[in-house]
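Input sequences plus hints: build the corresponding full structure.
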Amino acid sequence: MDMPPSSPAPADPGPSPSGAVYTCPMHPQIRQNHPGSCPICGMTLEPVLPSAAPQDNRELDDFRRRFYISLPLVIVLFAISMGGHIAAWLNPGVQNWVELLLAAPVVLWAGKPLLIRGWESVKTRNPNMWTLIGAGTSVAFLYSLAATIVPGWFPEVFVRDGHVPVYYEAAAIIISLSLLGQVLELKARSRTAEAIRSLMNLAPSTAHLVLPNGVESDIPLKEVQPGDVLRVKPGEKIPVDGILKDGGSDVDESMLTGEPIPVTHVPGDTLIGATLNTTGTFTMTAREVGDGTVLARIVSLVAQAQRTKAPMQRLADKVARYFVLAVAAVAILTFFVWGFWGPQPSWPHGLVNAVAVLIVACPCALGLATPMSMMVASGKAASLGILFRDAASLETMHKVDTLVMDKTGTLTEGRPSLVNVTTAGGMNMDKLLAQCASLEQGSEHPIARAFVQRARDEKLPLDSVADFQSFPGGGVAGTIQGSKVSLGTGDMMQKQGVDISSLAPWVDEQRRQGRVTVFAALDGQAAGAFSLADKIRDNTRRALADLKARGIHIIIASGDAPATVEAVAQELEIPEYHGGMSPADKQSLVSSLKKQGSVVAMAGDGVNDAPALAEADVGIAMGTGSDVAMQSCGVTLVKGNLLVISKAFALSTATVNNMKSNLGFAFIYNALGIPIAAGVLYPFWGILLSPVIAAAAMCLSSVSVILNALRLRHFS
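Once you know that position 585 of the sequence shown is 585 in the UniProt record's numbering, the rest is easy, because the numbers rise by one and skip nothing.
For the record, the hints were derived by calculation from the structure and aren't laboratory data.
Please note that the accuracy of each hint is not assured.
Cross-link-like lysine to aspartate or glutamate pairs, in silico, EDC-like; alpha carbons within 20 Å at most [to be verified]:
hint : residue 1 : residue 2
1    : K594      : E576
2    : K233      : E216
3    : K548      : D491
4    : K233      : E444
5    : K484      : D430
6    : K535      : E566
7    : K594      : D401
8    : K484      : E509
9    : K495      : D546
10   : K237      : E288
11   : K237      : E216
12   : K548      : E571
13   : K647      : D546
14   : K535      : E509
15   : K431      : D401
16   : K647      : D269
17   : K535      : D467
18   : K548      : D430
19   : K237      : D291
20   : K233      : D269
21   : K484      : D467
22   : K595      : D585
23   : K484      : D499
24   : K459      : D499
25   : K187      : D218
26   : K237      : D218
Fair warning: this is a prediction, and the values are worked out from it, not measured in the lab.
Printed below as a string of structure tokens:
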């Protein structure tokens, strides 16, 4: 149903030996040092920071098992109760016992956690939907139990067609629908820890410790101490934050900045844990370890954003407290009004009508209103390449007025491409490109792949390379068809005595546009220069036009160099942009926009976007990006196609309208059903709503909600 899942409060196991802190996902102010249940809503508490290793979701498994085991019993029970006498030998008395045997396991075993929640809500004076579900199912079941075991206790007025009617099917259906709602809620809730778990697993599990005598020893990451000297080899992740001591390398820092081109590091430079060493071997001095690393702070930011983000309060939840109290008051009032002033036998009439009020008010339609729309809309969205993780994202997305977008991998392709080239000394452009691509064809460096891809696109032949040399942080060189070819940075060219001054004006212009430049030399003479950039996606301009047409303000927030971000923003005509942003900066920007009253969506694809994605009202992950980004978000674009963002906004609006109409059906049903069940029409027309009719009406209200939700299948 719409209320959050919970479970019975277990025996207090005492403080957690690991020092973990437990909190309630719906009420983050609840914090304690041991497992338990939330005193407000009954939900099982979970660790603030989950374990890095996947954990079994016992609560989800338990509810799923209860639902599937009880479902066949509910179906048979419904068929018997709604089909009348299904065989000549099944007389009313026998039928009551058959229904009892079918309903008892459903209510007493499958529904036990739900009934305990209802009782806990009464004890803690926190009435909620579980209070009403527990009261309605308990009264219906206990009344039916008495009618089955001791029918002679009931006055004649209770007898219909020779027996006292029972309402086992009402209690069982309510339990079954409630369990289904819990399975849906728990499946969504189980995914919230995956983002943090993926972040934790970015760091390597071990580090190469260099002892004072020069011997290398592998130790667990948690044993690394500040001041330790560590060795990092090509292809390995940097274990902790620190300072490069000896050697040098190109480090892929896209995890932190989003910039696809590795950064050259030399002794004295700062290194960030969990970033990837792509080329040379080096040693480093550990500075920040454990909770002090940049990665640990990102984990903390994501967890904080998830905990402090107010849970989506659906309309049914907002009025639940008052609705429960009002229904209970109406049922009690009905019993006494009929008992004191109703026609004889007055008290039996009062009891029957009070039971009818509780049954007709059981919030099945209210509970189905949002999950049914969510299920149908999710299926439709998946066919469009959009994955919604929860109903909150669907409910909020149509309100978004500000969209913050990462640059790399979101607006752009997320990898460097050759965008411009110039030659010197009359060098043929295609020949120069072919030689440089031949030089790079054995490398996995992003820049190398850009050269090879461009040569393939141009269908240029690649030659074999002799005397190949690699200069970490500088470039590469080799002999091709007897000529010495070099490709690398300006510093590398100067060290080799190559004069590149004639290329300076062209290079300055490329750099003003935020592009990376590399130089080529042939036999010691400058042959040309290449500029690389992260190309804008083919569909970006059209997608931005669609979003602007919806009145959405667009902001770029990127970890790339400010000049690069500015160049992209100007090309896409986006007036507000921010470059050089850390993960915390992005989160702070989203937070400040929300404080200004904006409803903010954040679109990104990298680990560095995770805190901002979690902080935003709606996080939108590009399906081509990192798992962490997708697990931090309520919305994932499967193919990373920006064009479907506009479609997602439209589907969100349609789904919210469908939810509202469903809730409208449910509230109108209750507004009419409860007074009629209480007997307000009896003084005028002699009309009473028996519990049997009340149970049927309750089921029909759920059917109307389901049919209305199915209309979303026709969204286009």
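For each hint, the structure was consulted:
Between the alpha carbons of K594 and E576 the distance comes to roughly 16 Å, so the proposed pair stays at or under 20 Å and holds. At roughly 12 Å between alpha-carbon atoms, K233 and E216 fall within 20 Å of each other, so this suggested pair holds. Using a Cα cut-off of 20 Å, the hinted pair K548 and D491 is violated, with the two alpha carbons roughly 44 Å apart. Under the criterion of a C-alpha separation no larger than 20 Å, the hint pairing K233 with E444 is consistent with the structure, at around 15 Å.
As the CA atoms of K484 and D430 are separated by approximately 17 Å, the hinted pair is consistent with the 20 Å bound. Restraint check for K535 and E566: the C-alpha separation of about 14 Å stays at or below 20 Å, so the hint holds. For the hint pairing K594 with D401, the CA-to-CA distance comes to about 11 Å; that is within 20 Å, so the pair holds. Note on K484 and E509: the hinted pairing is violated, with a Cα-Cα distance of about 28 Å set against a maximum of 20 Å.
The hinted pair formed by K495 and D546 fails the criterion: a straight-line CA distance of about 51 Å is larger than 20 Å. Of the pairs offered as hints, the one joining K237 and E288 holds, with about 15 Å between alpha carbons and a cut-off of 20 Å not exceeded. For the proposed pair K237 and E216, the alpha carbon gap of about 17 Å is at most 20 Å, so the pair holds. Under the criterion of a C-alpha separation no larger than 20 Å, the hint pairing K548 with E571 is consistent with the structure, at around 16 Å.
Straight-line distance between C-alpha atoms of K647 and D546 comes to about 9 Å, which keeps the hinted pair within the 20 Å bound. Using a Cα cut-off of 20 Å, the hinted pair K535 and E509 holds, with the two alpha carbons roughly 17 Å apart. For the proposed pair K431 and D401, the alpha carbon gap of about 51 Å is over 20 Å, so the pair is violated. Restraint check: the Cα-Cα separation between K647 and D269 comes to about 45 Å, which exceeds 20 Å; the hinted pair is violated.
Of the pairs offered as hints, the one joining K535 and D467 is violated, with about 33 Å between alpha carbons and a cut-off of 20 Å exceeded. For the hint pairing K548 with D430, the CA-to-CA distance comes to about 41 Å; that exceeds 20 Å, so the pair is violated. Between the alpha carbons of K237 and D291 the distance comes to roughly 18 Å, so the proposed pair stays at or under 20 Å and holds. Annotation: proposed proximity of K233 to D269 holds, straight-line Cα distance about 17 Å (limit 20 Å).
Taking the CA atoms of K484 and D467, the gap is about 9 Å. The hint holds against a cut of 20 Å. Taking the CA atoms of K595 and D585, the gap is about 15 Å. The hint holds against a cut of 20 Å. Distance hint between K484 and D499 is fulfilled; the C-alpha atoms sit about 15 Å from each other, no more than 20 Å. For the proposed pair K459 and D499, the alpha carbon gap of about 31 Å is over 20 Å, so the pair is violated.
Note on K187 and D218: the hinted pairing is violated, with a Cα-Cα distance of about 39 Å set against a maximum of 20 Å. With a C-alpha separation of about 14 Å, the suggested pairing of K237 with D218 holds against the 20 Å cut-off.
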